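With chain U's structure known, arrange chain S on it following the hints.
Residue numbers (the UniProt record's numbering), protein chains in the order written: chain U, 1 to 561; chain S, 1 to 561.
Treat the hints with caution; some may be incorrect.
As the list claims (entries may be wrong) - Mimicking DSSO-like on lysine-lysine, the simulated pairs with C-alpha atoms at most 30 Å apart in a straight line are: (1) Lys-399(U) with Lys-374(S); (2) Lys-369(U) with Lys-557(S); (3) Lys-291(U) with Lys-373(U); (4) Lys-557(U) with Lys-291(S); (5) Lys-499(S) with Lys-364(S); (6) Lys-194(S) with Lys-328(S); (7) Lys-374(U) with Lys-399(S); (8) Lys-251(S) with Lys-194(S); (9) Lys-398(U) with Lys-399(S); (10) Lys-530(U) with Lys-546(U); (11) Lys-392(U) with Lys-399(S); (12) Lys-399(S) with Lys-399(U); (13) Lys-557(S) with Lys-546(U); (14) Lys-557(U) with Lys-369(S); (15) Lys-557(U) with Lys-499(S); (16) Lys-399(U) with Lys-373(S).
Everything labelled a hint here was simulated from the structure, so no lab data went into it.
Please read these numbers as outputs of a predicted model, since none were measured by experiment.
2 protein chains.
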Amino acid sequence: MALRARALYDFRSENPGEISLREHEVLSLCSEQDIEGWLEGVNSRGDRGLFPASYVQPPGAGFSYGGGALQPSPQQLYGGGYQASQGSDDDWDDEWDDSSTVADEPGALGSGAYPDLDGSSSGGGVAGRYRLSTRSDLSLGSRGGSAAPQHHPSGAKSSATVSRNLNRFSTFVKSGGEAFVLGEASGFVKDGDKLCVVLGPYGPEWQENPYPFQCTIDDPTKQTKFKGMKSYISYKLVPTHTQVPVHRRYKHFDWLYARLAEKFPVISVPHLPEKQATGRFEEDFISKRRKGLIWWMNHMASHPVLAQCDVFQHFLTCPSSTDEKAWKQGKRKAEKDEMVGANFFLTLSTPPAAALDLQEVESKIDGFKCFTKKMDDSALQLNHTANEFARKQVTGFKKEYQKVGQSFRGLSQAFELDQQAFSAGLNQAIAFTGDAYDAIGELFADQPRQDLDPVMDLLALYQGHLANFPDIIHVQKGALTKVKESRRHVEEGKMELQKADGIQDRCNTISFATLAEIHHFHQIRVRDFKSQMQHFLQQQIIFFQKVTQKLEEALHKYDSV
Amino acid sequence: MALRARALYDFRSENPGEISLREHEVLSLCSEQDIEGWLEGVNSRGDRGLFPASYVQPPGAGFSYGGGALQPSPQQLYGGGYQASQGSDDDWDDEWDDSSTVADEPGALGSGAYPDLDGSSSGGGVAGRYRLSTRSDLSLGSRGGSAAPQHHPSGAKSSATVSRNLNRFSTFVKSGGEAFVLGEASGFVKDGDKLCVVLGPYGPEWQENPYPFQCTIDDPTKQTKFKGMKSYISYKLVPTHTQVPVHRRYKHFDWLYARLAEKFPVISVPHLPEKQATGRFEEDFISKRRKGLIWWMNHMASHPVLAQCDVFQHFLTCPSSTDEKAWKQGKRKAEKDEMVGANFFLTLSTPPAAALDLQEVESKIDGFKCFTKKMDDSALQLNHTANEFARKQVTGFKKEYQKVGQSFRGLSQAFELDQQAFSAGLNQAIAFTGDAYDAIGELFADQPRQDLDPVMDLLALYQGHLANFPDIIHVQKGALTKVKESRRHVEEGKMELQKADGIQDRCNTISFATLAEIHHFHQIRVRDFKSQMQHFLQQQIIFFQKVTQKLEEALHKYDSV
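Chain U with its partners taken away, still in its complex shape (with noise of 0.2 Å):
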């Protein structure tokens, strides 16, 4: 009767009710049905309680998700192992939550081309956002004939001269990369919705945003409905391009990451802050989960194309909470966009007349595969021992400084028993000195939080665009490799050139896109770091200044002893 299920990652249990996995361990589960993203059951220690339903692979289940060399990072299983229901970090069952979605609607999906991966469990009515451009796929099947005569997905290979992808999971596939390297996208490109990649200094690069601007978010305030029944947490977004106050809830935030998700084929979304089952409403969840939601604010600002895309817009401008239509007008249309998934490259605008060398692309992305491979270990690496130094502070740190101080003042207070006059002074000068320790261990149990906490928001941040870019560069590996074919079957005298260039011109669209992506991450990478570091040897610095302040007051009482 006991359903099993296999984790397939490492997960440190981080709240009450939560319990830790290690990766391969078998967990007895207590149902299948995942509470907003999060299953309960027993690991092999014995312990009951939560954890991420992503963090396992359900009893069963072998299928591969995506196509990415590297791991997929628990936010990419999202839907694929356990369907979590979407941006339910709050309650569903609101007004919002209610009315059903594009995806819901019969008539959006028109004749779905591929078989919904929900099927069994979707049920919950949003379920499946997450899991990438699946609905993308779908929206390609509802304007299948139009524009895409080839595509005939349940016999595409016998049709096709240009063998077609088996995997349906493949990213390249679902992506829309595939069908768009074919030639079988289309749409009407509004002037509007060009994105345009250009040449920099050092090659490919997304055009810079004409209207940069910023977004802050403050005032984390809890907010009840039906009279108390429901409760969330509502964050004010002021942009400085409006510097009209929005409200949004973390839903909202999810809401439009799935928009995103699914949009953009070739472009690292940053990831939410994780999700959290249990003390959503504690001050110090709040506090990290807005942290978390500036950094990811900061990183969608500051990246050219999402930065000026219209969901974006909607959700950083529309005042929801007064014109509750024109929000629900612009979430439709958001959710209606036809310009996602293949339709996207479409919109990409190229340097006219450049041609990218296959091969130097090809070893370019090789090495930032590498890259990112090293870049995740070492993440990994620094973000462990950031943890674990950030524990001695708050735990072993605090305390020898203050055993220091406790020992100090016993000897204060056995010296204090000689009562007379010349001794007192030190005895005073000695009590304060142990107090100066017991300050000092406070000051090391405090101290992470102001500097190695950011730079592990900042490493989470990253881990969620390094677990991006398998996908990403899965799709520019699919276009190239179709590439290759083309022109075997032009040698075979299979294919006509004329069909193989176009299909090379749309691979070249592609590795322009994906250059100009690799080159924005390491761009924001190069900022980060240097400004994370810089913050945290600030604070490093205020720190031993204050360790030392303390110090030389306790020295300044022996002056007059």
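Quick look at chain S alone, frame taken from chain U:
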């Protein structure tokens, strides 16, 4: 066949070849013969090795040590538990050690009133020096009959009107305090031998040394003799009042210590740094011992009575290496000194017509007893904390900072895979930061030598003083008891008032000396702890400033990124 012994104290092995003991633990001895104060045995955990003979009770030993209310220190017990062959830290069979000492000369022993405690195991020729005042009893005995007519140790009780202490191991008896109080001591006190107690603002004080001096201890040098068969370390001493360097070995210090401990019953002679069985020629040990000797010398020189006494001046000024004869002459003179023990009290000169209130003295002494107990506890606690704190910095703290350094370097190495120019500066800066954290780890590991070690050295010295005071207090308490007894005897008509007044006068002298010694202790305590706390804090400040500087250097590297 196996000899067994019980551990009197915890002993922590600090060098290869030593084993740890736990209080009350029963040990198997490999031999009853100690090797320079160390025994070899097997502890209850089966470890075989060396431990200080003074830390164990010999099989069948049942007598108590001294009469102090506090636990006697290991040093006090030297020769009480297992007889250490004193002063034998280096080698013994050289020209000096071959020459017998006064105690071994049959003529000097006279009619030894008390059997030699060493009895069975003294054989070595110079055993027994550490035993507090045994020799003073002997020399008193040797002078018996002339000025101490009531002194018939064997039949004391029957002939004395004030009852004699039957416990021949009582410090009061051994120190000569009892004999003095009962008016049995006599001797010709030269003007130069007079020791003055004066009344200062805080009560009785030792008269200040009119010729204060200090003495440096430098250049520990390994010397050999007998064509390299014997090795020892020689230290260069330069007293400020002569500016003439003399060279001394640890065993010379040890000999001096024995002379002083014997001579001055109510003065706390600072203990020498501990003996050590193994690693005597290792640099660390030599440096540690030198520091211990410096502390010792500092306390010797700042004590008005000890600093001026002949044997110490002989030690400081006689050029033993060039004038062997003068050295031996002074050495023999010291060993024949008659003004030791009971006779020492004769040399005390108190303020004229100043009688102390007995109750006030008793209350002061009791207060000080409490003080020493509490200070001993807190010094032990602080020592433990300092030791642990040092250990943590050398191991844990260093490791944590270096792990951070390593992780930063790992990140920098990953980043170096990106060869673009705009990334290079950051990579170097992060690598530099990694190195800075490595260096900070080293700073942490090096730090205890700068600040905690001196604190522990000071504590060790004071633990020695604190271990001396129970005996000192015991002598004073013994004298007080005699006064009370004599008063009762007068009331009962068993004693003449004049005789009782004599007892009270002599007790007054002992009280003056004891209070002067207590005052001196408080004075040097305040001086030493003030300067040590200042030194500690200054070193800590320098340390944290160094850390800050490292971090500032690292931060600076990001300026040009």
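Do the hints match the structure? See the list:
A threshold of 30 Å between alpha carbons decides the hint, and for Lys-399(U) with Lys-374(S) the separation of about 24 Å falls inside it, so the pair holds. For a cut-off of 30 Å, the pair hint linking Lys-369(U) to Lys-557(S) stands: about 28 Å separates their Cα positions. Between the alpha carbons of Lys-291(U) and Lys-373(U) the distance comes to roughly 26 Å, so the proposed pair stays at or under 30 Å and holds. Note on Lys-557(U) and Lys-291(S): the hinted pairing holds, with a Cα-Cα distance of about 27 Å set against a maximum of 30 Å.
For the hint linking Lys-499(S) to Lys-364(S), the alpha-carbon distance of about 26 Å falls within 30 Å, and the restraint holds. Between the alpha carbons of Lys-194(S) and Lys-328(S) the distance comes to roughly 25 Å, so the proposed pair stays at or under 30 Å and holds. For the suggested pair Lys-374(U) and Lys-399(S), the alpha carbons sit about 24 Å apart, so the restraint of at most 30 Å is met. Between Lys-251(S) and Lys-194(S) the CA atoms are separated by roughly 29 Å; this keeps the pair inside 30 Å, and the hint holds.
Taking the CA atoms of Lys-398(U) and Lys-399(S), the gap is about 16 Å. The hint holds against a cut of 30 Å. Under the criterion of a C-alpha separation no larger than 30 Å, the hint pairing Lys-530(U) with Lys-546(U) is consistent with the structure, at around 24 Å. Of the pairs offered as hints, the one joining Lys-392(U) and Lys-399(S) holds, with about 11 Å between alpha carbons and a cut-off of 30 Å not exceeded. A threshold of 30 Å between alpha carbons decides the hint, and for Lys-399(S) with Lys-399(U) the separation of about 17 Å falls inside it, so the pair holds.
The straight-line distance between the Cα atoms of Lys-557(S) and Lys-546(U) is roughly 23 Å, inside the 30 Å bound, and the hint therefore holds. The straight-line distance between the Cα atoms of Lys-557(U) and Lys-369(S) is roughly 28 Å, inside the 30 Å bound, and the hint therefore holds. Between Lys-557(U) and Lys-499(S) the CA atoms are separated by roughly 53 Å; this puts the pair beyond 30 Å, and the hint is violated. Distance restraint check for Lys-399(U) and Lys-373(S): the Cα-Cα separation of roughly 26 Å lies within the 30 Å cut-off, and the hinted pair is therefore satisfied.
Checked against the numbered hints given earlier, this structure breaks only hint 15.
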